[in-house]
Amino acid sequence: MHCTTKSVQIAISNFNLHDQCLGNSGQLTHTKSIFEPMNTQTKSQIIANTQVSPDFYEMQLSASPPPAPGQFFTIRASDSTVPLLRRPFAYSSFDPKTGTASMIYQKLGPATEIMASKQPGDTLDIIGPLGIGFEVQKKASKHILVAGGVGLGPVLFLADHLKESGLDYTFVFGCRTKAQIPDLRQFREHGPVVCTDDGSDGFHGNTVQYLESLERAYTDRAALYTCGPHPMLKGCHLFAQNRGISCQVSMEQTMACGVGACMGCVEKTNDGYVRVCQEGPVFESRVIEWA
Amino acid sequence: MHCTTKSVQIAISNFNLHDQCLGNSGQLTHTKSIFEPMNTQTKSQIIANTQVSPDFYEMQLSASPPPAPGQFFTIRASDSTVPLLRRPFAYSSFDPKTGTASMIYQKLGPATEIMASKQPGDTLDIIGPLGIGFEVQKKASKHILVAGGVGLGPVLFLADHLKESGLDYTFVFGCRTKAQIPDLRQFREHGPVVCTDDGSDGFHGNTVQYLESLERAYTDRAALYTCGPHPMLKGCHLFAQNRGISCQVSMEQTMACGVGACMGCVEKTNDGYVRVCQEGPVFESRVIEWA
Amino acid sequence: MGNKHQSIDMSVKIGSCTLPTPVGVASGTFGYGSEYESLVDFSALGAIFTKAVTLKPRPGNEMPRIIETPSGILNSIGLANVGVDQFVSEKMPYLRELPCAIIPNIAGSTEEEYIAVLERLEKCEGIVAYEINISCPNVKHGGIAFGTDCPQVETLTSKLKSISTRPLIIKLTPNVTDITVVARAAEQGGADAISCINTLVGMVIDTNKRRPVLPAGTGGLSGPAVRPVAVAMTYRVARAVSIPVIGIGGIMNTDDALQFMMAGACAIQVGTGVFVDPSIPQSIAHGLQNFCGSHDLGDVSEISKLLPG
Amino acid sequence: MGNKHQSIDMSVKIGSCTLPTPVGVASGTFGYGSEYESLVDFSALGAIFTKAVTLKPRPGNEMPRIIETPSGILNSIGLANVGVDQFVSEKMPYLRELPCAIIPNIAGSTEEEYIAVLERLEKCEGIVAYEINISCPNVKHGGIAFGTDCPQVETLTSKLKSISTRPLIIKLTPNVTDITVVARAAEQGGADAISCINTLVGMVIDTNKRRPVLPAGTGGLSGPAVRPVAVAMTYRVARAVSIPVIGIGGIMNTDDALQFMMAGACAIQVGTGVFVDPSIPQSIAHGLQNFCGSHDLGDVSEISKLLPG
Ligand SMILES: Cc1cc2nc3c(=O)[nH]c(=O)nc-3n(C[C@H](O)[C@H](O)[C@H](O)COP(=O)(O)OP(=O)(O)OC[C@H]3O[C@@H](n4cnc5c(N)ncnc54)[C@H](O)[C@@H]3O)c2cc1C
Ligand SMILES: Cc1cc2nc3c(=O)[nH]c(=O)nc-3n(C[C@H](O)[C@H](O)[C@H](O)COP(=O)(O)OP(=O)(O)OC[C@H]3O[C@@H](n4cnc5c(N)ncnc54)[C@H](O)[C@@H]3O)c2cc1C
Ligand SMILES: Cc1cc2nc3c(=O)[nH]c(=O)nc-3n(C[C@H](O)[C@H](O)[C@H](O)COP(=O)(O)O)c2cc1C
Ligand SMILES: Cc1cc2nc3c(=O)[nH]c(=O)nc-3n(C[C@H](O)[C@H](O)[C@H](O)COP(=O)(O)O)c2cc1C
Ligand code: FES
Ligand code: FES
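Residue numbers (my numbering), protein chains in the order written: chain A, 1 to 291; chain B, 1 to 291; chain C, 1 to 309; chain D, 1 to 309.
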């Protein structure tokens with residue numbers, strides 16, 4: 001039930017993007033859809049905050065409104081003015097029974113360092129769910145999910161959703177080396193194909209090289225869904241173009257407001273600028289002007 | 001041995017203050033004394049960091065160069081730019097055998113909040129010892145030590161020193177209410193007279209009212225040493241003037257450099273501005289122009 | 001206490017218009033209002049200063065457009081906006097139903113463009129005043145920002161004033177030697193109020209990529225980092241003109257707002273603070289009310305008289 | 001790698017003088033050197049820019065003189081200093097023995113005062129150049145800061161130049177509409193280099209006491225908060241003049257220093273950063289050397305050529 005609603009939501013939002021949001025002049029004319037998910041600001045309690053690999057942490061948060069795979073939320077990491085802006089993170093799972101949402105994050109700079117130091121019981125100022133997530137391609141014969149590094153979160157969430165829906169999917173995860181593979185049951189449950197740059201585990205090479213190693217017949221009428229570093233997204237896009245299949249990419253851009261107000265987070269599309277936080281973060285890869 | 005050197009040091013430094021540091025024009029002409037304590041910058045390890053009252057913490061730090069009572073050090077609480085400046089804190093004890101120094105601090109704002117969250121084993125960037133501490137008045141018949149609130153630290157350290165030297169002293173501590181009395185053996189060992197504003201323990205009234213309750217004969221030829229809130233320092237000063245006894249006060253002023261370079265931390269004396277971090281923080285109360 | 005607070009007059013007069021509270025949201029940080037619908041209590045707001053409105057729609061600058069700096073942000077949005085026609089037809093219908101005052105922020109690259117935008121807005125209902133963003137370069141004047149040149153400020157203000165039936169708020173740029181002479185030029189030209197300040201010019205260089213982070217090179221610095229600069233300018237401007245001053249720059253909480261109001265501002269705007277926590281404007285509105293209550297002020301505008309001088 | 005680093009030329013030329021490294025300590029933040037004796041490796045420093053030297057000793061302003069702001073500090077020291085005579089007799093004997101260059105920072109309230117200070121310093125050995133602080137108000141010119149008025153900047157510079165045997169570095173105030181025209185006025189007057197920037201005017205109000213925290217009202221804002229402003233000004237000035245530019249403002253680490261150098265500065269100064277951690281200048285000196293080593297630069301001054309434009 002819950003998942004079906006989401007799909008409708010996403011489908012309609014994506015429709016908005018291409019038919020209403022981008023005028024001919026390339027500017028944005030965001031029209032509020034009645035199906036748009038309602039975001040809220042909450043003080044969520046941290047239920048767990050565990051290191052799952054040398055670089056990655058998983059955080060579980062209470063009292064989340066229901067998100068869809070590919071949507072994100074923003075966190076104010078501290079009351080101080082450094083870091084100042086809220087930081088965006090994708091949902092990596094959601095339990096509708098308990099209202100518990102999860103995320104997987106990498107300790108990089110000031111905000112994620114503070115987050116990593118938080119204890120269960122501490123609260124965090126959260127705004128979400130935000131943006132438009134993945135749209136499951138109902139007509140696809142097979143769903144190929146590709147995650148690179150910390151792009152893992154939203155792809156895992158999508159995999160959960162596909163599994164629940166009983167759809168046929170493959171989960172591909174790429175990282176530099178074996179030690180970086182996250183120690184996470186949710187991850188292992190999807191029977192992931194692991195690609196390591198150094199060949200220390202699984203496929204020797206990156207995720208795009210893995211995709212290219214697949215037979216054409218295998219990817220026929222497949223749909224690609226991907227999140228990760230920019231070169232990987234572009235590689236997936238080119239691969240999909242080449243095979244004539246659809247590809248959805250989750251884009252990253254520095255955000256200020258996260259809710260579509262500041263015009264700060266734009267990506268260039270073949271129809272002008274779009275806001276990653278509002279028309280995205282997930283886009284059909286063919287609309288993006290790949291640099 | 002160690003203590004004697006300190007006394008000489010302090011005496012000469014105080015001499016500098018009055019005869020060299022303040023020219024007739026009131027400006028500062030700080031001459032480097034060969035007795036001046038050498039300050040160093042160290043990464044000190046936190047040995048203990050315990051809450052000793054609802055507001056106060058005691059922190060013990062390793063590898064401190066030897067300070068004298070009334071001297072202070074500065075801490076860079078975090079690598080972030082908030083808080084930005086180093087914060088000054090007085091030494092509350094020192095163990096020459098282990099090189100362990102202590103401080104008592106109050107959680108007030110950004111720096112002390114970060115300090116309170118530190119764990120034993122964490123390191124802190126410390127510069128010290130700095131400034132000129134208390135000078136024990138050798139000719140005094142009796143030493144009256146008065147601490148208010150978080151002014152406790154340096155006065156405790158002086159009390160340790162007087163005890164070691166076998167001198168006759170009284171320790172007076174003032175706070176608002178019983179609950180604020182620090183749970184600290186070092187404090188109890190000096191058999192303090194406690195004054196509470198609300199009368200919930202010890203003398204009912206503030207420390208200055210307590211001093212005024214003492215018979216004139218008792219304070220005859222006594223010397224006063226005090227650290228605490230500004231009104232208390234001024235009250236002690238007026239009390240000392242009235243009884244014709246000497247009074248040393250440890251002053252507070254916002255500091256930027258802590259080493260005498262920026263001219264930021266001045267107090268007004270009857271001979272012009274002096275730097276709290278360099279000519280102080282301890283001054284003869286009669287040189288201060290009390291506002 | 002509850003009773004006491006209810007009798008406090010929180011409204012503020014700007015020329016002929018009245019804002020329900022002194023707490024506005026700054027241009028460019030609140031979009032066209034609807035974006036914050038589920039997050040903000042509009043009834044606590046005094047006014048929404050909209051994203052800049054220009055004659056034609058503007059796509060805005062190359063990305064990245066935002067970078068965080070110590071206690072601040074640097075932005076280079078490039079006045080991306082839907083243009084005045086769509087603003088009137090698509091944004092105003094939503095905005096005019098809100099309980100707070102709506103004040104479009106007008107930008108242009110020639111006097112004619114400002115005039116054309118204002119003329120079209122004159123025909124639109126539900127607007128209480130205009131805020132004129134004079135930080136824009138004047139393309140007919142060597143690209144020098146209108147707001148850095150007193151004669152240009154006075155002329156532009158008086159031309160707009162002559163065609164406007166609504167109060168004009170001139171928003172000053174801080175990138176000037178003496179902001180008080182610019183404020184006086186605006187007053188001379190007939191401005192009803194001054195907004196103070198827009199962003200400071202700043203740059204961050206990506207030393208790995210060896211180029212400025214923002215493709216435009218420089219951007220506008222805002223946030224708590226600039227607050228002391230903004231308070232100083234508000235203080236000086238409030239003493240230089242006799243029209244109301246709206247304080248802006250790094251306001252994050254009630255104490256920050258009080259600083260601007262004690263410096264002489266009758267109202268304030270929260271900009272970057274809205275990004276950080278959209279509940280900040282309403283917290284400040286409540287905080288100011290509490291302040292008045294506990295200081296026995298019957299009228300929020302009395303705050304600006306608390307500081308002598 | 002060690003060998004590679006040893007062959008890197010870390011020295012920087014400012015007019016006829018040479019600084020051993022590009023990393024100076026900023027005026028007013030390093031006193032007269034001796035205060036940091038036990039904390040700083042003087043041999044890593046390019047130059048000590050001393051506390052401002054005026055003709056007569058100055059006691060300075062009322063306290064408090066310092067307040068922390070978000071990622072910055074606001075100061076109102078009031079040019080407290082020992083005066084030129086004591087500077088020469090008591091401070092220079094210590095300073096001239098140090099391995100780094102000594103550059104007094106000269107301040108005054110009239111042209112005559114600047115001239116008188118420089119004349120006395122001319123007779124003093126161990127000084128390699130002068131830095132002229134033109135942020136001071138000119139009492140004979142309505143109290144307007146020298147540095148905000150191009151004719152005054154050019155005249156003052158040329159008068160000082162005519163009596164100086166040592167390079168003149170003009171230190172600009174950022175509180176101007178267009179810093180490039182002031183820089184060009186200084187160059188026109190014969191300046192050998194530009195220091196960029198001094199502090200921004202700021203104010204903090206104590207809302208409990210209902211008065212500005214600093215008794216003087218406004219103070220000077222410095223620290224990381226102002227860095228983007230300082231980088232932008234350095235970038236613009238470096239493109240406006242052909243004399244060397246020294247970048248200053250919120251520098252805390254090697255990356256910050258690289259931003260200024262890529263913006264076009266040949267050297268930098270650490271001010272507020274020295275308060276925060278006195279080892280910052282030496283870390284930056286080592287960091288710049290490592291940067292040159294890993295980017296195959298034989299000369300530290302090549303860094304300023306890495307950014308195109
Ligand atoms: C839609 C979206 C979803 C994301 N999901 C995840 C996730 O699931 N897990 C995860 O680890 N990371 C995710 N990120 C990236 C995450 O936002 C950054 O890692 C985080 O902001 C870093 O903050 P910091 O202070 O720790 O590091 P910083 O030092 O501030 O930044 C490190 C890098 O993070 C990026 N960044 C910084 N500030 C912002 C900002 N305000 N908006 C966007 N990017 C910024 C910049 O590229 C920067 O170079 C997502 C980003 C976006 C836009
Ligand atoms: C010589 C000296 C010795 C001191 N000894 C002690 C001590 O033993 N224990 C203790 O708890 N406190 C001591 N203090 C006070 C201590 O420095 C402040 O409590 C601390 O700086 C607060 O920092 P914060 O960031 O937590 O709070 P903030 O919110 O920054 O400040 C709270 C108050 O602390 C004062 N303060 C802030 N910054 C500075 C600064 N850079 N320099 C001086 N004062 C500042 C101000 O009065 C401010 O209102 C001493 C101060 C001085 C000058
Ligand atoms: C992302 C962003 C966009 C802005 N756009 C505009 C604008 O279109 N017109 C305008 O007058 N000011 C604009 N400003 C300036 C703000 O309205 C405000 O004057 C400035 O940010 C200082 O306030 P703050 O520190 O609270 O953000 C913008 C500021 C930001 C951060
Ligand atoms: C406490 C203090 C005192 C200063 N005194 C002077 C001075 O006497 N002369 C001068 O030219 N600049 C003075 N400055 C400005 C600094 O030299 C420097 O230009 C400014 O602080 C910006 O650099 P920063 O952000 O690294 O501090 C002073 C700055 C501070 C913080
Ligand atoms: S972050 Fe503000 S529009 Fe996307
Ligand atoms: S804090 Fe700089 S002189 Fe005292």
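Just so you know, the hints here were simulated from the structure itself, not pulled from any lab data. Among the hints, erroneous ones may be present.
Claimed, not checked - The calculated label-pair distances, taken between Cβ atoms and stated as ranges, are:
(1) A:GLY109 / B:PRO54: 28 to 36 Å
(2) C:VAL139 / B:ALA291: 52 to 60 Å
(3) A:THR40 / C:PRO93: 46 to 54 Å
(4) D:ASN208 / A:ARG188: 52 to 60 Å
(5) A:ASP220 / C:LYS123: 35 to 43 Å
(6) A:PRO231 / C:VAL139: 36 to 44 Å
(7) D:THR165 / B:ALA291: 44 to 52 Å
As the list claims (entries may be wrong) - Reference listing, derived: stretches of chain C covered by chain A, where coverage requires no fewer than 3 residues with Cβ under 8 Å from a Cβ of chain A:
(8) 69 to 80
(9) 231 to 240
(10) 268 to 281
Unchecked claim - Which chain B residues stay away from chain A? Per the calculated CB distances, all over 10 Å, these:
(11) SER62
(12) THR81
(13) ALA179
All C-beta atoms in this analysis are idealised placements derived from N, C-alpha and C, irrespective of residue type, glycine included.
Hint by hint, here is what the structure shows:
For GLY109 (chain A) and PRO54 (chain B), the hinted distance range of 28 to 36 Å is satisfied, since their beta carbons lie about 35 Å from each other. Range check, VAL139 (chain C) to ALA291 (chain B): about 57 Å between beta-carbon atoms, so the 52 to 60 Å window is met. Separation of THR40 (chain A) from PRO93 (chain C) is about 25 Å and departs from the stated range, judged on CB atoms against 46 to 54 Å. In this structure the supplied range 52 to 60 Å holds for ASN208 (chain D) paired with ARG188 (chain A), their Cβ-Cβ distance being about 58 Å.
Take ASP220 (chain A) and LYS123 (chain C): their Cβ atoms lie about 58 Å apart, and the range 35 to 43 Å is violated. Distance hint check: the CB atoms of PRO231 (chain A) and VAL139 (chain C) are about 39 Å apart, consistent with the given range 36 to 44 Å. Taking 44 to 52 Å as the suggested C-beta distance range, the pair THR165 (chain D) and ALA291 (chain B) conforms, at roughly 48 Å. With 7 residues carrying a beta carbon less than 8 Å from a beta carbon of chain A, the segment 69 to 80 of chain C meets the three-residue requirement, and the given coverage holds.
Counting residues of the segment 231 to 240 of chain C whose CB falls under 8 Å from any CB of chain A gives 0; the rule of at least 3 is not met. Counting residues of the segment 268 to 281 of chain C whose CB falls under 8 Å from any CB of chain A gives 7; the rule of at least 3 is met. Against chain A, the non-interface label of SER62 (chain B) holds: every CB pair exceeds 10 Å, the least being about 23 Å. Not every Cβ of chain A is farther than 10 Å from the Cβ of THR81 (chain B); the closest lies at roughly 6 Å, contradicting the non-interface assignment.
Chain A leaves ALA179 (chain B) outside its interface by the beta-carbon criterion, the shortest separation being 25 Å against a cut-off of 10 Å.
The structure does not agree with the numbered hints 3, 5, 9 and 12 stated previously, though it agrees with the rest.
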